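Fit chain B to the supplied structure of chain A, relying on the hints for placement.
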Amino acid sequence: MSPSRILAIARRIAQGFRRDERTLGLMFVVPLVVTALLGWVLQDTKDTVVDVVLVNEAGAAGDRIASALTAASGDPTRNIKVVANVATEAEGEDWIRRGDGDIGIVIPANLLADIQAGNRPTLTIISEGTDPAAESGRFGTLQGALADVAGQLAPPGVTPPLIPKVERKTVYLSPDASQVDVLAPIFLGFFGYFFVFLLTGISFLRERIGGTLERLLATPVTRFEIVTGYSLGFGTFATIQVVVLTLFILNSIHVPSFGPFGDYSTPAFSIGLGVNSAGSPLLAFAIALLLSLGAVNLGIFLSTFARTELQVIQFIPLVIVPQALLSGILWPIERLPDVLQAIAHVLPLTYAVEGLRAVMLKGADLTSTVVQTDLVVLAGIALFFVVLASGTIKREVA
Amino acid sequence: MTAASATSAAPAVEAVGLRKQFGTIDAVNGIDLALEPGRIYGLLGPNGSGKTTLIRLLTGLAHATAGEARILGMRMPSRKALASIGYMPQAEAIYPELSVGENLGFFARLEGHADRAAIDRVLDLVELRERKGTPALELSGGMRRRLSLACTLVHEPQVLFLDEPTVGVDPALRVQFWTHFRRLAAQGTTILVASHVMDEADRCDELLFVRDGKVIGRGTGAELRERAGTDNLESAFLIFSGLDPEGNPIQPVGAGDDANNSPGEPPSGGEAMGGGQAMGGGGPMGGGGPGAVL
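Listed in order, the protein sequences are those of chains A and B. When we follow the working numbering, the leftmost residue of the first sequence carries the number 28, and every step to the right adds one. When we follow the working numbering, the leftmost residue of the second sequence carries the number 1157, and every step to the right adds one.
Next up, chain A with everything else stripped away, as it sits in the complex (with noise of 0.2 Å):
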């Protein structure tokens, strides 16, 4: 073993890193700005007002709380504001289902019974069942409230006051839902844009460093026609890789367990994840393959950027990881803080995750302007990228 041929060694990679600033600036300067986002997000995460839509099936003595939780909506410090108040839990479901409402409370016909036999009455608590996160924070705000109005209702003389159970009852899903349904549309839109942008990246750096793309502009082909053949050849593969995720997702095999001596035998599994997409997996497809063209033209885009396969890769904290923070995958949008949401308004996630979530967890169809806007707009984000792309070719070469 030779000292001075591992100092050299250790000495040719510092060198390296010398001459290859970008390198160094991203080795530092990323992960305090990945770092400072997370920060900043989870520190001020914004308490958002929980409309709040009362079914009321008690009656008059429903009313009292009614009014009890209206009163609390003047609170500014309780978050929640009531925005209806009718009669039965399909009128309630329908005010969620259109978006009008963020929660639901039944309050029951045998509230009044309960209470008197000195039973805990049950509050149903109905909401969308699509977003884990953005949903359990509305419970919070909601529970504090609830808490309150039972201590001010509460029977004189009955201490501790009867705080209500609640059951949970979801407009769409079931309130059991597992992570892996309500993450299913996430997994499509993600791996698609992920992959994408990494493969293309590299290899229109390979044609930029490799000498082909001289040759081709040396020739009478267009900027757009490469621009285009590069969408259709990758959009190609990113179809089969939508068509294979989604067949995945949507369906599950059941391999059972085969063998000749039981203890031995292989056990009983299942491939694929056997969600129920709600609405049409075709739309849900459409929206993975727009996200992917608009993933085809920014990855031709950063090869610009880039001399070394290397430096594609490092594009990725960049590029994905604040989408991933800030599409509504991990937070709501409606809680990051504003500059943050108007950030989280121009990333191409941020809209595939929204349409597929409609489409898939909601049934949404083509008719609901959620999906309309998604597909609109995601268009918008990958013609964007097609310009922009196209227009890097000539400034290399230039």
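Keep in mind the hints are simulated off the structure, nothing from the lab. Watch out, some of these pointers could steer you wrong.
[Unchecked claim] Some chain A residues well away from chain B (every beta-carbon gap over 10 Å; in silico):
1) D175
2) V271
3) A333
[To be verified] Simulated restraints on C-beta separations:
4) G1289(B) - R334(A): 27 to 35 Å
5) G43(A) - G1179(B): 22 to 30 Å
6) I229(A) - A1222(B): 36 to 44 Å
[Said to hold, decoys possible] Cβ-to-Cβ under 10 Å is the rule here; a few derived chain A residues that face chain B:
7) E118
8) R233
9) I236
10) G237
11) G238
12) K421
Just so you know, these numbers come straight off a predicted model, no measurement behind them. For every residue, glycine included, the Cβ atom is placed at its ideal position computed from N, Cα and C.
Coordinates of chain B only, in the frame set by chain A:
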């Protein structure tokens, strides 16, 4: 091939006051050219003298800071002219994961020339017919170079720009390459070869000495040697650059018959050293006979 007669009146390649600046560096510093159809021109100069930039300006790959380039009478960049151009970059510029045949097919289709026979013809020329199905990745360096040339020739262009085409090609095949270049020229193709290999220079009809982004000498190899009063081209280049065969500054030889180019100015000492290093790789100057590398 057939268009030679149609365009023979006009120069195939023309440059007027062509200039390209990168920041404060003049990579190409006012070059005027008129290359006739059916001739082979050699672009000679040390690394960094502006050969590649000149080719990129002529092919429309780079935007000129001033002046203009015309190919077959069409001002560059012109998509129509590009269809008649073959450009072989210094880099291999082939797709390693594609087979020999797939690489050729791809570039032929881009040129609108997807003709099986043309692909087979060019494969025979570079002796890669048996390797048609081999991924470029598995070829030797010399074979990849041959494939690169084949990709340049597959659409039978009228004007060829070859940036150091024979690097890594063995001597026997190099002779074959030049035989083919000569045949193409006889059919009317105009060829501009950037090179720093001296024995190749003598195969050209005419040579252009390039230094610091300027043409410092132009003529046949014999003419240039005669004007410099030396019997080898490397020394002639040094003398045109304002250096004696040992690399010491002297009064440079004028650009002679090329009225568009002002005579080279006596270079400063620093530049002279730079030129000398590029020419001989830092070794003794002027010792190389034919076949020496500039």
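Hint check against the structure, violated hint numbers in rising order: 7
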